[in-house]
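There are 6 protein chains.
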Amino acid sequence: MGQTSIGDLINSKEREQIKSMVYEHKNIAELKAGEKTEGFYLIKSFEVRKTTAGKQYIDINLVDKTGEVNAKIWEYSKETEKIVIENSIVKIRGEVLEWSGSKQVKINKIRAKLSTENIKISELIPSAPIETSEMLDTVKSYVKKIKDVQIKLLVENIMNKYNNKLLYYPAAKKNHHSYLGGLLYHTLRMIQSGEKLGQVYDYLNMDYVYAGVLLHDICKILEMDSDEYGVVSDYTMEGKLLGHIIQGIKEIEIEGEKIGLNREKSIVLQHMVLSHHYEPEFGSPKKPMTPEAELLHFLDIIDTRMFDFEHALEGVESGKFSDRIWLLDNRNIYKMQD
Amino acid sequence: MGQTSIGDLINSKEREQIKSMVYEHKNIAELKAGEKTEGFYLIKSFEVRKTTAGKQYIDINLVDKTGEVNAKIWEYSKETEKIVIENSIVKIRGEVLEWSGSKQVKINKIRAKLSTENIKISELIPSAPIETSEMLDTVKSYVKKIKDVQIKLLVENIMNKYNNKLLYYPAAKKNHHSYLGGLLYHTLRMIQSGEKLGQVYDYLNMDYVYAGVLLHDICKILEMDSDEYGVVSDYTMEGKLLGHIIQGIKEIEIEGEKIGLNREKSIVLQHMVLSHHYEPEFGSPKKPMTPEAELLHFLDIIDTRMFDFEHALEGVESGKFSDRIWLLDNRNIYKMQD
Amino acid sequence: MGQTSIGDLINSKEREQIKSMVYEHKNIAELKAGEKTEGFYLIKSFEVRKTTAGKQYIDINLVDKTGEVNAKIWEYSKETEKIVIENSIVKIRGEVLEWSGSKQVKINKIRAKLSTENIKISELIPSAPIETSEMLDTVKSYVKKIKDVQIKLLVENIMNKYNNKLLYYPAAKKNHHSYLGGLLYHTLRMIQSGEKLGQVYDYLNMDYVYAGVLLHDICKILEMDSDEYGVVSDYTMEGKLLGHIIQGIKEIEIEGEKIGLNREKSIVLQHMVLSHHYEPEFGSPKKPMTPEAELLHFLDIIDTRMFDFEHALEGVESGKFSDRIWLLDNRNIYKMQD
Amino acid sequence: MGQTSIGDLINSKEREQIKSMVYEHKNIAELKAGEKTEGFYLIKSFEVRKTTAGKQYIDINLVDKTGEVNAKIWEYSKETEKIVIENSIVKIRGEVLEWSGSKQVKINKIRAKLSTENIKISELIPSAPIETSEMLDTVKSYVKKIKDVQIKLLVENIMNKYNNKLLYYPAAKKNHHSYLGGLLYHTLRMIQSGEKLGQVYDYLNMDYVYAGVLLHDICKILEMDSDEYGVVSDYTMEGKLLGHIIQGIKEIEIEGEKIGLNREKSIVLQHMVLSHHYEPEFGSPKKPMTPEAELLHFLDIIDTRMFDFEHALEGVESGKFSDRIWLLDNRNIYKMQD
Amino acid sequence: MGQTSIGDLINSKEREQIKSMVYEHKNIAELKAGEKTEGFYLIKSFEVRKTTAGKQYIDINLVDKTGEVNAKIWEYSKETEKIVIENSIVKIRGEVLEWSGSKQVKINKIRAKLSTENIKISELIPSAPIETSEMLDTVKSYVKKIKDVQIKLLVENIMNKYNNKLLYYPAAKKNHHSYLGGLLYHTLRMIQSGEKLGQVYDYLNMDYVYAGVLLHDICKILEMDSDEYGVVSDYTMEGKLLGHIIQGIKEIEIEGEKIGLNREKSIVLQHMVLSHHYEPEFGSPKKPMTPEAELLHFLDIIDTRMFDFEHALEGVESGKFSDRIWLLDNRNIYKMQD
Amino acid sequence: MGQTSIGDLINSKEREQIKSMVYEHKNIAELKAGEKTEGFYLIKSFEVRKTTAGKQYIDINLVDKTGEVNAKIWEYSKETEKIVIENSIVKIRGEVLEWSGSKQVKINKIRAKLSTENIKISELIPSAPIETSEMLDTVKSYVKKIKDVQIKLLVENIMNKYNNKLLYYPAAKKNHHSYLGGLLYHTLRMIQSGEKLGQVYDYLNMDYVYAGVLLHDICKILEMDSDEYGVVSDYTMEGKLLGHIIQGIKEIEIEGEKIGLNREKSIVLQHMVLSHHYEPEFGSPKKPMTPEAELLHFLDIIDTRMFDFEHALEGVESGKFSDRIWLLDNRNIYKMQD
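Chains as they are written, first to last, in the working numbering: chain A, 4 to 341; chain B, 4 to 341; chain C, 4 to 341; chain D, 4 to 341; chain E, 4 to 341; chain F, 4 to 341.
No wet-lab data here; the hints were simulated from the structure. Small disclaimer: the values here were computed from a predicted structure and weren't measured. Glycine is no exception: its CB is placed at the ideal position from the N, C-alpha and C atoms. Careful: at least some of the hints might be erroneous.
What the hints assert, rightly or not - Covered stretches of chain E, as calculated for chain D (at least 3 residues, CB under 8 Å):
| hint | region |
| --- | --- |
| 1 | 179-188 |
| 2 | 193-203 |
| 3 | 283-295 |
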């Protein structure tokens with residue numbers, strides 16, 4: 004059975020209240036029923052549907068960096084349909100309603116973003132807090148710090164191979180760092196921490212610490228299918244059957260052979276990738292057998308946990324606990340009073 | 004401090020008893036203190052040592068297929084020392100003594116095996132019950148049963164690469180099938196069982212069952228260093244840091260690429276190798292996702308267990324239990340009455 | 004509060020579309036909203052209810068081998084009610100509608116199956132792919148292969164005792180082999196596999212392999228209450244408090260005593276039943292201590308897994324993964340491209 | 004090689020010291036090197052051996068309730084050998100020496116216990132602190148408290164069947180209650196605790212509490228082979244392959260059938276035996292499903308633990324910790340200051 | 004969107020049936036659609052809402068000791084709203100309807116309880132079966148049995164500190180003993196059991212058994228926020244970050260110091276609190292190291308389990324099983340036939 | 004029985020060889036049979052014993068920072084005995100022999116260290132690589148970085164309380180950092196790492212990071228009894244019954260109360276101590292609920308692992324694996340080629 008138009012159910016007094024408000028831009032997370040908004044959003048997906056009365060309308064999912072909301076264009080026209088393009092940026096005017104407990108935007112006006120309008124993509128989709136090109140530069144500056152010529156060349160070659168995808172790949176399908184540039188951001192913070200801990204534990208061979216961080220997750224690019232907004236639709240066939248750890252090992256083996264990488268160096272780097280999840284049940288059938296491999300694991304998990312804690316505490320009041328966080332073993336995280 | 008010669012401690016009456024006995028060949032497992040033996044044994048290792056009195060003697064470890072025993076040549080001479088060569092076959096005459104609870108052979112005569120003397124190596128070292136060349140022929144006959152031309156070629160290439168080593172490699176450093184030809188014997192029985200279960204579960208793709216069995220453990224050849232008697236001195240560096248599962252995956256990836264193997268087929272075969280230990284804590288970070296991979300695991304474990312049970316029951320009396328078998332989770336295995 | 008008739012909600016244009024279609028038989032799994040069907044189905048359960056308007060109607064659950072669907076007879080009459088009998092086969096004519104996301108059949112005509120109409124029960128309920136009488140014959144042919152006269156008599160006596168129920172009992176309440184004849188089908192494939200593996204591992208005592216397979220699950224007949232269609236309503240009191248493993252052990256003890264079965268043979272068979280689930284947490288407080296008991300476990304689990312994989316892959320496209328399969332540890336199973 | 008006589012190695016001054024001391028009776032646990040003892044001990048085992056010099060001597064293991072010690076009779080004679088009978092009580096005079104860190108008794112005089120000498124067996128072997136006949140009477144007084152006539156008869160029949168063995172069987176091969184009368188002592192304290200907790204949790208059916216306690220371990224008599232001193236040489240074949248839980252279930256099934264015991268009562272009692280170890284890995288594939296079965300488990304484990312703690316604290320000084328106790332998960336038990 | 008009034012949907016015949024019935028008091032658990040009730044209930048919470056038609060009504064959650072039910076006052080008035088006070092007792096007259104599968108009471112009359120009406124609070128909220136003041140007296144009588152003057156004083160001081168809250172605190176937020184007086188009831192039954200088991204295991208120091216029971220859970224009063232009806236809204240900040248075990252240890256440390264409690268006694272009592280959950284994953288990082296600490300654990304778990312079993316069996320028919328009980332590891336509990 | 008003097012068993016030729024060598028100082032780890040040494044060592048323990056021949060000699064255990072060795076003074080005199088004092092430094096001249104596979108020093112000359120001889124204690128006992136007073140200064144410089152006045156005062160007070168013991172306490176009885184100054188060294192490197200990671204994860208509250216590190220293990224001083232050489236003889240009674248985590252919590256509670264520390268700050272610090280072992284089975288019943296607590300755990304474990312890896316690799320050749328390291332889950336650690 005078709006869906007009754009929400010427009011039919013809201014009473015006319017409420018409609019009047021909405022109309023009298025001024026349009027101004029609001030982030031999706033801030034939308035409240037009864038308010039208006041005007042501004043740029045990204046069309047994630049859309050469908051042309053019919054009401055039970057047989058009237059056509061367009062059902063759209065809008066996103067910005069703060070979240071996602073369903074929207075409707077009740078007045079269908081061929082011209083409007085042309086504007087509604089998946090993954091394009093549009094400017095809309097709309098009213099916020101509530102339907103079955105969820106927010107919904109009734110779009111009154113819509114048009115495509117003009118080429119003259121300069122909208123930052125990071126405003127419209129969840130993304131790392133630093134521009135990806137800037138992160139990539141910083142990360143590459145660490146490649147230069149690798150002293151062993153062969154290892155440096157190996158890392159350069161592999162990073163260049165995936166240069167474009169590094170600019171938008173997330174570090175995961177969901178959970179930590181699952182946004183545009185997440186893979187780079189994760190790599191960046193790990194390598195910074197690695198550099199600093201190398202000052203405390205100065206017996207470590209930093210070439211392996213740097214190369215290990217730079218290569219440990221790079222085959223997530225082969226494991227997952229991400230669009231250019233950092234949204235992963237699914238894992239790849241090879242990703243499911245083998246996983247990024249195995250894929251990363253093969254990458255080092257093959258790219259290493261191409262440049263005549265010393266066999267011991269290649270195996271030790273492969274071992275670092277193999278062992279970085281530490282526990283067999285998390286994907287590492289071998290535990291680290293060098294101190295650099297051991298450290299790599301902790302750099303990885305610290306970055307993940309510091310990320311998860313930071314996000315878990317967003318929106319929690321001082322002196323209160325978060326809800327149970329599944330990613331953190333169902334802990335309730337506490338936000339200290341200032 | 005040197006070791007007192009056992010010859011000094013035994014009293015003369017006992018010596019007389021031993022001398023009066025006739026020399027006849029005895030397997031090492033059957034040696035009893037107070038008896039004599041004459042026959043061929045293999046020298047596993049030896050050392051020239053001195054008694055506390057400063058007299059030189061030769062300390063030898065002899066083996067045959069039934070076990071290992073320490074032996075001494077108390078009368079040292081340069082000539083004798085030339086005969087004593089590691090891994091060579093010698094004929095000895097000796098008396099069996101007991102020293103600190105262990106058997107020990109006092110060698111009275113020793114000479115090298117003559118080239119005219121035809122001694123089967125399988126008499127002198129633990130080895131599979133079928134000749135390895137015969138096993139290799141049988142196993143190769145299964146390669147011919149693979150219908151997919153690419154997969155058949157892949158398997159042929161990899162097996163040819165390791166053809167020589169297949170003729171003596173064991174399947175393990177210790178535990179199951181850790182003897183000459185053990186890897187082939189394990190492979191043989193698995194592929195026979197696989198063929199038969201394929202008749203019951205006829206929806207299976209037998210090309211993958213056969214290729215999976217043939218490739219699943221082949222990189223044990225890269226994981227372990229075995230001498231030509233099937234004795235593993237140690238794991239290789241790559242074996243310890245990566246292991247035969249990862250090595251096998253890389254082998255398929257690289258050899259597959261060489262012959263232009265269809266990508267899906269390559270990945271599915273790599274997945275079979277990856278998942279054949281089934282549990283992460285036993286080395287498989289992914290569980291089988293195809294029925295052929297699932298079956299491969301069970302063919303592997305059944306062969307291992309049937310081997311372990313067969314050997315656990317050797318030497319157990321009817322109606323009695325074995326000692327606790329560590330390999331079988333410390334079970335006491337029961338030997339039924341006939 | 005009563006349920007509004009779906010007939011009142013669908014608009015008249017859609018009704019016309021349905022009427023113009025020709026009636027033809029469709030399996031329940033294939034039913035699509037907007038189509039018609041005519042043919043034989045089994046009435047699993049029914050209830051006479053009232054609409055909110057106080058009008059009587061009959062609510063029926065129809066099944067065939069492909070699934071289950073809810074149906075309604077909106078025009079109630081005493082005569083119609085007489086036709087509607089639980090577990091009887093009826094012929095119907097109906098239109099397929101959709102209600103709250105589920106299919107529903109509006110029955111326009113219904114009559115009982117005539118005694119002259121020959122409908123195979125296996126068309127109407129999920130059942131093993133081989134006729135149960137045929138399976139029973141095959142299974143019994145293995146009893147004859149048991150050489151030990153006492154063991155053969157024991158197995159014969161126990162199988163005869165449950166002969167009738169064997170013809171329809173499933174092997175489980177849900178999950179694997181939970182359909183008519185499932186217990187026999189499970190037993191059949193296990194014994195066939197056992198016979199074949201006995202050719203590879205020829206030191207096994209096949210009398211115990213055969214007897215073990217034939218007896219290992221037979222007390223599922225005492226553990227569960229199944230109707231003659233292989234549908235288990237619940238576990239029995241003894242089934243819940245003790246379970247089929249304990250029940251099977253007592254069966255062998257008692258039936259063995261009746262025929263003067265040698266005590267060792269009885270205990271070893273009881274041990275096979277006791278240990279066949281292998282792990283304590285799956286119901287086996289003792290692990291197998293004979294090779295035949297060890298093999299029994301693997302025959303059991305292989306048959307279960309090969310069954311689960313086969314069914315998991317039904318309806319999956321080539322080159323795609325199934326959804327997560329709970330029975331297979333939440334794995335996504337991969338269907339290879341042809 | 005034979006064992007050098009300890010008599011040859013001790014110097015004569017030490018011998019003189021020993022000789023000058025008075026003989027008096029000492030418990031084995033109290034023996035100190037350099038002292039003498041005279042009194043009754045039990046011969047656990049003995050062997051006639053030869054020194055390296057070819058001289059015969061008798062090697063004896065003596066026990067009393069406090070422990071075990073090795074002893075030697077260096078002056079062999081046929082007459083002496085006749086006195087030395089396994090499991091017999093002898094009176095000896097001897098000197099305590101130390102050999103390789105262990106105590107050893109040099110027996111100077113030995114004779115059989117005279118029939119007129121009244122030595123309590125509980126002085127010579129580890130045994131429960133209450134006379135077994137007294138414990139059996141007390142335990143049987145609880146049978147009379149069972150109100151259900153059928154259940155009372157069942158328990159009586161089974162207890163009478165094992166009446167004699169109950170008088171000496173231990174509750175285990177080693178560990179808790181592994182001494183003469185241990186099974187009865189364990190049963191006694193459990194039934195006393197059960198009676199008392201039944202006063203707090205008064206909704207319990209005490210017939211099942213009493214019957215459960217009395218039957219839960221009774222088939223340990225079938226599981227283990229104990230001599231009349233409460234020393235278990237080994238588990239029985241049935242004990243190893245099935246275990247006392249399964250044996251106990253069959254006992255109730257069969258003895259219940261004999262007296263026409265109501266089926267529900269029989270199954271519930273069998274369930275109590277089945278579930279009393281609580282965890283699958285400790286032998287119970289089903290957890291308790293009645294409150295009486297649940298309590299039975301706790302009565303069992305409390306008695307075991309209270310026993311283990313009591314014994315762990317024996318010989319520990321106030322304010323000190325025991326060594327790690329394996330039976331108590333390697334805990335160091337603390338003995339409070341008074 | 005607002006909720007349609009249930010009153011509009013029920014047909015008039017049903018209304019008539021309801022009206023003709025006599026009002027009589029029914030416990031909430033017994034309410035059946037189509038019946039009336041009249042009597043006292045407690046208002047747990049309420050809200051003034053609007054129907055879609057814009058009409059105000061009051062939505063109330065009523066409780067008594069048997070459960071909770073939603074109720075509506077469709078005829079809103081300011082006067083009525085004044086009567087509806089959270090946590091107050093009211094007398095109502097109402098009709099029971101069914102809405103979306105749940106019971107709902109349509110309140111026709113409502114008034115506050117008169118001060119002259121004597122309603123036992125234990126009728127209106129779930130509470131322990133014994134009056135809390137009576138339980139407190141009994142529990143305190145055990146304090147007097149403590150012979151050690153210091154320990155007795157410690158326990159008295161701590162109990163007096165929490166005297167008022169002991170009179171209503173539950174033992175848990177949900178699950179076992181989560182009702183008014185639950186903490187006292189749990190303590191009472193444990194101390195009674197402890198006294199009795201101390202008669203069987205008479206080597207125990209009863210001072211520690213009594214003090215351990217009395218103090219083991221007392222800091223649940225600091226861990227949880229309970230209202231005076233024994234309903235816990237949440238855990239406290241300290242409760243979440245440390246937990247009642249750690250809080251209890253600090254309590255003994257500090258209160259002990261105040262009275263100059265002997266250091267050993269204080270530590271041993273703290274250890275009892277620390278170890279009473281037994282397993283690290285349940286909150287005890289140390290296992291019991293004294294027999295009294297060991298017993299304390301079992302007294303605790305027995306009382307919990309006997310409570311859970313008793314409640315699981317409420318409302319189960321003889322000869323039937325309960326549903327799966329999450330608290331009891333998803334067991335189905337069996338109720339024996341009488 | 005006494006021990007035969009090793010001097011009697013070595014032949015005279017060997018003696019001559021030893022005598023002809025020059026005495027020079029050797030670390031205990033470098034001692035080789037047949038060599039001589041002269042220099043300062045610490046007497047860990049000693050005993051005056053007798054040979055079987057009744058001659059007195061002194062048995063001494065000598066240590067330096069590299070290890071421990073047994074030594075003998077065969078020529079006993081009253082004067083010599085006066086020199087041999089536990090925990091004193093002596094200068095010796097001796098020859099190294101081998102006895103039953105262990106090194107042993109035959110001391111020819113011995114005298115006490117003169118007060119004018121300046122021997123660094125860190126040469127004679129295992130100790131941290133930085134002087135403890137220097138470490139303490141550095142660690143205290145971090146206390147000054149704490150901005151919160153109350154928290155700073157709390158940390159100062161607690162550190163001052165244990166100032167003296169901090170200068171020598173090890174961090175463990177055995178395993179990581181179990182040497183003089185180990186506790187400080189562990190604290191130092193953790194706080195340095197914490198400072199650096201705080202630069203990467205800049206949302207952290209560094210006051211808690213610093214205070215957490217400084218307090219997390221400080222009650223190891225109460226948990227263990229260490230002598231002034233950093234050698235732990237045993238755990239304390241309170242250490243065994245409660246452990247340093249619980250002791251640390253009480254310390255903060257009580258010291259916090261003394262200075263009126265804000266309750267939230269106190270609880271959060273206590274929580275950090277409570278949760279720093281992370282897993283219940285390692286002693287933390289609560290997991291970290293603040294990011295600073297989470298980080299504290301990783302600082303702790305990284306320092307432990309980096310320590311263990313560094314030491315595991317000592318003495319391993321390049322390109323080789325260490326033996327299995329129990330502390331590192333039995334891993335063989337790999338030392339890369341340079």
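Check your understanding: Out of the numbered hints, which ones does the structure contradict?
Key -> 1
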